[in-house]
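Take the sequence shown: its position 9, counting from 1, is numbered 9 in full-length UniProt numbering, and each next residue is one higher.
Simulated from the structure, these hints should not be mistaken for laboratory data. Given the structure is predicted, the values throughout are model-derived calculations rather than measurements. Virtual Cβ for every residue (Gly too), placed ideally from N, Cα, C. Each hint should be verified, as a subset may be incorrect.
Claimed, not checked - What follows is a set of in silico ranges between Cβ atoms, one per label pair, in the way DEER data are often shown: (1) 8 - 30: 15 to 23 Å; (2) 6 - 38: 26 to 34 Å; (3) 12 - 37: 29 to 37 Å; (4) 9 - 38: 29 to 37 Å; (5) 31 - 9: 18 to 26 Å; (6) 6 - 39: 13 to 21 Å; (7) 38 - 18: 24 to 32 Å; (8) 23 - 3: 14 to 22 Å; (9) 5 - 27: 14 to 22 Å; (10) 39 - 17: 28 to 36 Å; (11) 3 - 32: 15 to 23 Å; (12) 39 - 8: 17 to 25 Å; (13) 4 - 30: 21 to 29 Å; (14) 31 - 5: 15 to 23 Å.
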Amino acid sequence: FYGNLTQSQIADQIGISQMHVSRLLTKALTKLRRQLAEA
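Make the full structure from the sequences, and use the hints.
Below you can see the structure in the form of structure tokens.
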């Protein structure tokens, strides 16, 4: 994803768990899909 980093690498860099990164990405992608569908 971001900068070709894995979820684990992102988690390490910002100091959160990989699971939390996964949840944040899922939430962001869901919101983006919803907004694109409304456009």
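### Message
Taking 15 to 23 Å as the stated bounds, is the beta-carbon spacing between residue 31 and residue 5 within them?
### Response
About 21 Å separates the Cβ atoms of residue 31 and residue 5, which means 15 to 23 Å holds.
Practice item. Note whether the CB distance of residue 3 and residue 32 lies within 15 to 23 Å or breaks it. Key: This hint holds: roughly 18 Å between Cβ atoms.
Starting from the hint 14 to 22 Å, judge whether the C-beta atoms of residue 5 and residue 27 obey it. Roughly 18 Å apart at Cβ, these two residues keep to the hinted range, so it holds.
Has the hinted range 21 to 29 Å been met by the Cβ atoms of residue 4 and residue 30? holds, 23 Å
For this session: Go ahead and decide if the range 24 to 32 Å is satisfied by the Cβ distance of residue 38 to residue 18.
Result: At 31 Å between Cβs, range holds.
Check your understanding: Do residue 12 and residue 37 keep their Cβ atoms within the hinted range of 29 to 37 Å?
Key -> holds, 34 Å
| field | Hint check for residue 38 and residue 9 - Cβ pair distance inside 29 to 37 Å | value | Since the Cβ atoms of residue 9 and residue 38 sit about 33 Å apart, the hinted range of 29 to 37 Å holds.
Honestly, do residue 23 and residue 3 meet the 14 to 22 Å range at C-beta?
-> holds, 20 Å
Is it true that the C-beta distance of residue 8 to residue 30 lies inside 15 to 23 Å, as the hint says? With Cβ atoms ~22 Å apart, the hint holds.
When you take the CB atoms of residue 6 and residue 38, is the distance between them in 26 to 34 Å? Taking Cβ atoms as reference, residue 6 and residue 38 lie about 31 Å apart, which means the hint holds.
Quick one: are residue 39 and residue 17 within 28 to 36 Å, going by C-beta? Once the Cβ atoms are compared, 33 Å apart, the range 28 to 36 Å for residue 17 and residue 39 holds.
message: Quick check on a hinted range of 17 to 25 Å for residue 39 and residue 8, using CB atoms only.
response: Given range 17 to 25 Å: violated, Cβ gap about 33 Å.
Checked against the numbered hints above, the structure breaks hints 6 and 12 and satisfies the rest.
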